[in-house]
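J.: Chain by chain, the residues run as shown.
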Amino acid sequence: MSDPNDPDGWQKLDKKMLLIGPLQVLRAFAVPAVVAILGLGSTGIFSLMFLPLFIVVPVLLGALPWLTTRFRITETKFELHKGLVSKKQLTAPLERIRSVDLESSLLHRVLGLAKVEIGTGVDDTRITLDSLSQSQAAALRGVLLRRRAASAEPVDETGAPMEVPGTSPLSDGIDAPAPNDPAWLPAPPEQVLARIDWSWVRFAPFSLTKLALVAGAVGVFSQFIDDFGIFDQNTVRNGWARVSDVALPWIVVVLLIAGLVAWLFISTAGYAVQWWNLLLVREAGNLRLTAGLFTTRSTTLEEARVRGVALTEPWLLRRVGGAELATLATGVGSGGVTSILPPCPVAVATSVGQSVLKSDPPLLVPLLAHGQAARRRCHLRMQRMALVAIAAAIGSTIGFNWSPWLPVVVAAVLIGFAVLSAEAQYANLGHALTQSHLVAGSGVWQRCRTALECDGVIGWVVHQNFFQRRVGLATLIATTAAGAEKLEVRDLPLTQAVALADAATPGMLTEFASSSAP
Amino acid sequence: MTSARNDTEATESALREPAHQVSPRAIAYWQVGALVGLVVLVIAALVCWFLFPHPWWAFAIAAVLFGWVLVDLLIVPKLRYRIHRWEVTPTAVFTRSGWLMREQRIAPLNRVQTVDSHQGPLMRLFNLSSITVTTASAAGPITIDCLDHELAQRLVAELTERTAAVEGDAT
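As you go down the protein sequences, you meet chains A and B in turn. So the first sequence is residues 1 to 518, counted in the working numbering. So the second sequence is residues 1 to 171, counted in the working numbering.
No lab work stands behind these hints: they were computed from the structure. The model shown is predicted, which means the values in this text are computed figures rather than measured ones. Note that beta-carbon positions come from the ideal geometry of N, C-alpha and C, so glycine has one too. Be aware that a few hints might be false.
[Stated by the list, open to error] Reference listing, derived: stretches of chain A covered by chain B, where coverage requires no fewer than 3 residues with Cβ under 8 Å from a Cβ of chain B:
| # | stretch |
| --- | --- |
| 1 | 192-202 |
| 2 | 343-351 |
[Unchecked claim] To give an idea of the interface, some chain A residues facing chain B are shown, with a C-beta separation under 10 Å as derived from the structure:
| # | residue |
| --- | --- |
| 3 | R469 |
| 4 | A482 |
| 5 | T505 |
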């Protein structure tokens with residue numbers, strides 16, 4: 001895989017990139033090229049003279065990455081050189097490498113290739129190697145992560161690696177084989193945490209997160225239809241008049257059924273494509289998630305970076321006993337929230353969440369309720385929202401001379417809905433503190449339980465708005481570098497909030513708590 | 001939980017006050033800021049008076065705006081000065097801020113990543129500076145508004161020195 005003639009251990013991308021690269025460039029160039037050829041077509045044979053240009057240029061451009069990219073692993077760092085005109089040299093210290101992800105599109109998989117993305121540090125920049133052979137990519141991944149594990153020792157109390165002055169990072173027990181040695185370290189044992197169970201597919205239609213995508217696609221499609229001009233206003237109006245005379249209710253029913261069937265099909269297919277062969281394993285201090293039917297992804301999270309999990313039960317999914325699970329980690333991609341399970345039975349999500357956290361059972365402990373004052377706050381907040389809408393209804397009734405029944409109906413519906421929402425919100429509200437995790441329950445129509453490692457808390461905010469202050473409540477916010485960067489415990493009696501913060505991070509605010517001073 | 005209401009008296013003492021107040025010149029600074037707002041409002045009102053007809057609700061809006069600016073000018077600065085407090089201990093930064101809402105923020109020094117100071121043109125006039133202490137969390141920055149400039153400089157130097165000594169990446 002590496003050039004045996006290169007004494008410095010520099011390696012290149014896979015040779016098959018000479019095939020894929022031009023194809024990818026061609027794909028990007030196809031539309032402008034066709035337009036250009038058609039545009040020049042009026043000048044006859046002249047355009048054919050440009051045809052070679054449209055083939056040669058993409059081939060050269062596509063071959064460039066292979067020609068100019070090389071990388072190597074030294075004792076302490078990963079180096080990547082690339083670029084022809086503007087040369088780029090990327091260096092990542094091995095102990096800073098947080099994640100190594102593999103991704104193969106369908107084309108990549110046919111040719112046995114995988115794209116490698118290396119995540120470093122707390123920022124979002126990732127080093128991309130597009131692409132290596134699958135075996136080479138897997139081996140590179142193994143070596144990088146194991147080297148990182150070796151060089152990251154010892155770990156300080158925050159779980160962050162510390163520099164060890166004067167010692168080689170590889171000196172503690174792990175031999176450093178030549179980087180071009182194909183017989184890299186033997187793979188350590190893996191522990192399987194979760195595997196796809198196709199009976200879970202029954203939850204797919206109840207998860208509406210994809211519905212927005214479908215709606216967007218339908219919107220784009222309808223724009224297209226406009227362009228065809230078949231559906232000009234008159235045909236639509238005439239057709240509609242004719243049909244609605246006959247059977248309006250039937251049309252509605254048929255459309256609803258068609259929509260439902262389409263949704264069943266789309267959601268199930270989407271679920272299968274995304275989570276095909278899902279496998280979640282723990283190996284050598286990492287969590288690795290692989291899934292995907294056409295494009296296979298392999299995401300690796302360093303366990304020390306995983307600061308907690310979030311268990312989400314959207315309303316519809318909860319009705320059928322389903323839940324979703326995500327990890328909250330620091331320094332990982334977008335938002336630090338990584339979905340690690342598809343919609344699946346809540347018991348599965350809970351137990352996988354437990355085994356990811358390894359320690360005490362923060363997903364199982366009962367949450368402490370926040371009391372009647374918090375409940376009243378839920379109701380007041382919801383009714384305030386309803387009030388705005390009701391005021392708008394009254395205003396427009398007066399303005400447009402609508403039926404006076406309108407605001408009455410709107411008010412009845414909204415107030416009823418607000419009461420239900422408030423009760424739902426209060427039922428989901430709660431907190432708990434386990435041995436090592438702070439747990440918060442939240443959400444109105446989507447129940448969410450978030451568990452954050454107390455060690456991951458890097459500060460506290462006690463927030464009180466005007467109304468909260470009057471009834472002695474506070475919103476306690478634990479700031480963290482993981483996930484959404486904060487964990488909110490809403491409407492907690494102030495003294496309890498401070499006590500909770502103090503108990504979660506002993507010592508952090510002891511000196512500021514007045515009651516502790518004699 | 002009927003005790004929630006009874007706790008109200010005890011709430012203010014759940015966390016004690018941070019030790020220090022901000023610079024007394026902050027009151028004047030906030031007042032000048034509000035005054036600028038007032039001047040802008042008066043000019044805007046005059047322009048509207050000459051350019052547009054004035055129905056009754058325009059007066060109502062103007063009255064509310066003027067009332068707000070006057071509160072901002074006469075009451076808020078002193079209130080804010082009473083509430084804004086800060087403290088830096090050997091281990092943590094602790095602040096209290098806000099006047100309608102109230103916020104107490106604590107960040108342990110071993111998790112602090114950057115210490116910045118900021119001085120706007122108007123602040124320079126009053127020789128004031130603000131300090132912002134950030135941690136690895138986007139939700140965690142702590143700002144101490146309107147400190148005496150020299151004090152702020154000293155504090156930044158001291159905090160930078162203390163946080164630089166911490167190992168690891170503070171997450």
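J.: With reference to the structure, classify each hint as holding or not holding.
T.: Here is what the structure says about each hint:
{"no.": "1", "hint": "192-202", "result": "violated (count 0)"}
{"no.": "2", "hint": "343-351", "result": "violated (count 0)"}
{"no.": "3", "hint": "R469", "result": "6 Å, holds"}
{"no.": "4", "hint": "A482", "result": "7 Å, holds"}
{"no.": "5", "hint": "T505", "result": "8 Å, holds"}
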